[in-house]
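Engineer: The lines below spell out each chain.
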Amino acid sequence: MTEAVVPARPRSAAPSGWWGMAAFVATEATLFGVLFGSYAYLRFETVHWPPDGIAAPKVVLPLVLAGLLAATSVPMALASSAARAGLARRASTLILVALAVQSVYFGIQIHQMSSDLTHFTPQRDAYASIYYTLLGADHAHVAVGLLLNIWLLLRLAGGVTRYRIVAVRAITFYWHAVNVLTVLVTACLLSAAL
Amino acid sequence: MRRQEFLQWFGLLGAPLAWTVQLVLGFGVTEARCSAGSARWGVGVDTWEISLMVAAGTVVVLAEICSLALYVATRDVHYDGPPPLGRRRFFVTASSLANVLFLAVILMSGLAAVYHTPCRQS
Chain L
25 MTEAVVPARP RSAAPSGWWG MAAFVATEAT LFGVLFGSYA YLRFETVHWP PDGIAAPKVV
85 LPLVLAGLLA ATSVPMALAS SAARAGLARR ASTLILVALA VQSVYFGIQI HQMSSDLTHF
145 TPQRDAYASI YYTLLGADHA HVAVGLLLNI WLLLRLAGGV TRYRIVAVRA ITFYWHAVNV
205 LTVLVTACLL SAAL
Chain C
3 MRRQEFLQWF GLLGAPLAWT VQLVLGFGVT EARCSAGSAR WGVGVDTWEI SLMVAAGTVV
63 VLAEICSLAL YVATRDVHYD GPPPLGRRRF FVTASSLANV LFLAVILMSG LAAVYHTPCR
123 QS
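Respectively, the protein sequence lines represent chains L and C.
If you're matching positions, the first sequence starts at 25 in our numbering and goes up one per residue.
If you're matching positions, the second sequence starts at 3 in our numbering and goes up one per residue.
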């Protein structure tokens with residue numbers, strides 16, 4: 025009796041650049057873990073949440089926006105695959121698509137935050153402080169991601185190199201993490217409306 | 003190789019895990035101290051905090067020793083080299099520095115918890 029030999033798919037170990045991003049994401053996850061813990065602590069120590077005078081957050085728009093941002097994980101993942109296959113133009117197009125959606129998300133969120141600031145400031149009370157801290161930290165991460173994508177597009181204009189492939193993989197990983205964090209931050213802040 | 007793999011992961015993850023345990027347990031102990039149900043616990047908060055600080059600090063020192071041992075063992079490898087040796091070098095370079103920071107964080111939060119008076123609004 026003979027056995028068919030199926031060639032095993034070669035296991036490609038992640039490069040150090042990818043692991044560096046993984047370590048960075050772990051530190052950011054710790055930061056957000058502490059913020060979520062602070063939110064829960066303040067929430068359960070306070071009788072009225074949000075406090076009197078502050079309207080409960082709107083539900084639909086933040087959910088749609090978070091879903092929109094999370095969807096950009098798809099073009100980013102495809103861009104990573106394209107870069108690994110040596111297809112620079114395809115990777116750039118996919119990153120450009122993701123960048124366009126991410127920019128729209130960021131623009132609307134900043135507009136929303138500016139609108140909130142006209143109603144209540146971070147110094148007002150514990151709710152306002154943790155609300156703006158969580159939201160601000162999340163927006164800052166999105167802003168950094170936008171800059172990284174722009175930098176990536178500029179680099180990929182010169183073609184694909186091993187270094188640039190690592191960069192695409194690492195930044196894709198970063199975006200997956202930011203998208204997960206955004207969904208969690210949105211869910212956390214919307215819990216005040218329940 | 004297996005030994006090096008262990009040293010690499012313990013050197014990298016030992017300190018953050020020790021700090022996490024100290025932070026979460028320390029918070030829990032302080033919170034418990036301030037609730038009526040734990041009034042007759044018998045063990046003071048300071049004893050808990052100092053024990054946690056010493057235990058976490060010991061783990062970090064061991065992790066640092068592992069990192070430094072592997073740092074010396076991989077001195078001929080470039081951190082951007084092919085895995086697993088390149089990755090190992092990259093990890094121990096980062097963790098041998100990060101462990102020092104974690105030790106400082108653990109000592110500072112442990113000592114601050116001892117000098118802090120719980121159950122009082124700041």
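Simulated from the structure, these hints should not be mistaken for laboratory data.
Please note: incorrect hints may appear among the correct ones.
[To be verified] Ranges of calculated distance between the beta carbons of each label pair, as one might list FRET restraints:
#  : chain 1 : residue 1 : chain 2 : residue 2 : range
1  : L       : VAL128    : C       : VAL116    : 44 to 52 Å
2  : C       : ALA114    : L       : GLY57     : 43 to 51 Å
3  : C       : LEU64     : L       : ALA64     : 28 to 36 Å
4  : C       : LEU64     : L       : ALA217    : 20 to 28 Å
5  : L       : THR142    : C       : VAL56     : 26 to 34 Å
6  : C       : PRO85     : L       : ALA109    : 39 to 47 Å
7  : C       : VAL74     : L       : ALA109    : 23 to 31 Å
8  : L       : PRO75     : C       : VAL45     : 35 to 43 Å
9  : L       : ALA109    : C       : MET110    : 23 to 31 Å
10 : C       : ALA75     : L       : ARG148    : 24 to 32 Å
11 : L       : SER153    : C       : ASP78     : 33 to 41 Å
12 : L       : GLY57     : C       : ILE52     : 23 to 31 Å
Beta carbons are placed, not taken as given, at the ideal position from N, Cα and C, and that holds for glycine.
Engineer: Where does the structure disagree with the numbered hints, that is, which hint numbers, in rising order?
Structural biologist: Violated hints: 2, 4, 5, 6, 7, 9, 10 and 11; rest satisfied.
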